[in-house]
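Asks: Protein sequence lines, in the order shown, are assigned to chains A and B. Sequential numbering from 1 applies to the first sequence in the working numbering. Sequential numbering from 1 applies to the second sequence in the working numbering.
Some hints could be false.
What the hints assert, rightly or not - With a Cα cut of at most 25 Å, we get these calculated SDA-like pairs of lysine to any residue: (1) Lys47/B - Gly119/A; (2) Lys47/B - Glu54/A; (3) Lys47/B - Ile108/B; (4) Lys47/B - Leu175/A; (5) Lys47/B - Thr112/A; (6) Lys47/B - Asp100/A; (7) Lys47/B - Met1/A; (8) Lys47/B - Ser185/A; (9) Lys47/B - Leu153/A; (10) Lys47/B - Arg63/A; (11) Lys47/B - Asp5/A; (12) Lys47/B - Val10/A; (13) Lys47/B - Phe166/A; (14) Lys47/B - Arg116/A; (15) Lys47/B - Gly101/A; (16) Lys47/B - Asp158/A; (17) Lys47/B - Arg168/A; (18) Lys47/B - Asp152/A; (19) Lys47/B - Gly187/A; (20) Lys47/B - Arg73/A; (21) Lys47/B - Glu179/A; (22) Lys47/B - Arg186/A; (23) Lys47/B - Leu106/B; (24) Lys47/B - Arg184/A; (25) Lys47/B - Val90/B; (26) Lys47/B - Gly148/A; (27) Lys47/B - His169/A; (28) Lys47/B - Asp95/A; (29) Lys47/B - Ala157/A; (30) Lys47/B - Pro7/A; (31) Lys47/B - Thr71/A; (32) Lys47/B - Glu27/A; (33) Lys47/B - Glu98/B; (34) Lys47/B - Leu29/A; (35) Lys47/B - Gly64/A; (36) Lys47/B - Glu30/A; (37) Lys47/B - Glu62/A.
By construction, these hints were calculated from the structure, which means they are not laboratory data.
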Amino acid sequence: MRARDNPFAVRRVHAIRYRLSGVTWEELLERLATLGFRAALVGPHGHGKTTLLEDLGARLAERGFQIRTATLRQGERWLGPARSAALFRDPDPRDLLLVDGAEQLDPLSWWTLRLRSRGAAGLIITSHRPGLLPTLHEHRTTPELLAGIVTDLEGTADEGEIAELFARHRGDLRLALRELYDVRSRGVS
Amino acid sequence: MEWIRIETRDGVTAFLPGETVEGTVGWHFDAPARSVEVRLLWYTEGKGDQDVGVVASVPLANPGADEIRPFQIRLPAGPYSFSGRLISLVWALEAVAEPGSRAERLPITVSPTRQEILLSSGASLAGPG
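Only chain B is shown next, with the shape it has when bound in the complex:
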């Protein structure tokens, strides 16, 4: 059975803005993938249509059919992970292989407190600058 998985080092999924995320991508396909890349993205969830922003992508050179590879991605300064009643902003790491757009997504938290900002608490969402 074919699969693709993404994991962070020690299973940590809460980070500070600007921190570097380290992890591994593993996959098993029937044939070598044409491409495998790791993406850092955010997406919205809630009452409105979903919005997605891919902030960074790290292609893995010459992927085979069955491998485990390390990756590193530097997180931006913002926006922070947050949730209100109408909208949540969620950060995630995603491993994508072509052909077939086989993918696995791993949600992570990015904020100065390493916890999602809850808007009802009155906390500020503004990043530096």
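Same shape as in the complex, but just chain A:
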């Protein structure tokens, strides 16, 4: 199978948006407002925190906030000049800062982020653990969620394959979808 035809190519996977369960977008946004727009999206690797952060940012932008984002890759412990500029250059009271991977910041960098974000409208982070900011939403994936995503990408989902993948990757949808890429690329369906 050609890479561009693979239903699990990264571009197609990234086009899948977050599926809220047990709460509506309006309820989530209301809860965020009661938290003063300072909150954390909490969950393990590959459970959709980044996708939710992006989708939340889009909805907040529709409501008039100016979204500024920074993403820390694995092992990065500070923002650095480029990300700091993206978050703090020419600040505006409508700025809402979204920081993906904030739990990796060393204590000084985290303290600095909180201090410098005080003039902004809010700060939303993703984190693998609770406690940095009030938890807005805690992510838990399910086999049904994986099945729904696979169906969207491929048109169908095999229950047995999904259950096995979900268990093997302990709910990490990113890894499960990567494995499906490899499987399909070898021509196995």
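Chain A is already provided as a structure; the job is to place chain B on it using the hints.
Replies: For chain B alone, coordinates are given in the frame of chain A:
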């Protein structure tokens, strides 16, 4: 309804490296666009994050609200269009109008055979030089 479209002459979408692509860009907007340009780009698809490279762009002077304009772009010598299991490299023509980044993309094939190189076939991807 607003739209923008890009077409190649005679609908041809397979080309040789170095060939000149001719086509037209048409659009209909509620108000004159600030800018309209045609871009030649490649992008990757597959297991890794998508990469994009804009190789050439042709701005169309003084765009109105409702027009059809011809364009010409010379294709480079490489890389060729190819697909493997992990990655595909796709060439495309794209018409983009501002404001609003309204765009339409037309995939094309660029290779010495006018067909996408399939890596599993063992064919060489190297361009000249």
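Asks: Take a quick look at whether Lys47/B and Arg184/A sit within 25 Å of each other, Cα to Cα.
Replies: holds (11 Å)
Asks: Verify the proposed pairing of Lys47/B with Glu30/A, using a straight-line Cα cut of 25 Å.
Replies: The given pair, whose Cα atoms are some 37 Å apart, is violated under the 25 Å limit.
Asks: Given the hint that Lys47/B pairs with Ala157/A, does the C-alpha gap stay at or below 25 Å?
Replies: holds (20 Å)
Asks: Sort out whether Asp95/A lies within 25 Å of Lys47/B, counting only the CA atoms.
Replies: violated (34 Å)
Asks: Is the hinted pair Lys47/B and His169/A satisfied, with a Cα-Cα distance of at most 25 Å?
Replies: holds (18 Å)
Asks: If you draw a straight line from the CA of Lys47/B to the CA of Leu29/A, is it 25 Å or shorter?
Replies: Cα-Cα ~33 Å, so violated.
Asks: Please verify whether Lys47/B and Gly187/A have alpha carbons no more than 25 Å apart.
Replies: Roughly 15 Å between the alpha carbons, so the hint for Lys47/B and Gly187/A holds.
Asks: Starting from Lys47/B, check that the Cα of Glu62/A is at most 25 Å away, please.
Replies: Roughly 32 Å separates the two Cα atoms, so the pair is violated.
Asks: Need the status of pair Lys47/B, Val10/A: alpha-carbon distance at most 25 Å?
Replies: Roughly 6 Å separates the two Cα atoms, so the pair holds.
Asks: Would you mind confirming whether the straight-line C-alpha gap from Lys47/B to Ser185/A stays at or under 25 Å?
Replies: This hinted pair holds, its Cα atoms lying about 10 Å apart.
Asks: Need the status of pair Lys47/B, Asp152/A: alpha-carbon distance at most 25 Å?
Replies: Measuring from Cα to Cα gives roughly 18 Å; hence the hint holds.
Asks: What's the verdict on Lys47/B and Leu153/A, does the C-alpha distance respect the 25 Å limit or exceed it?
Replies: holds (14 Å)
Checked against the numbered hints above, the structure violates hints 1, 5, 10, 14, 28, 32, 33, 34, 35, 36 and 37; every other hint is satisfied.
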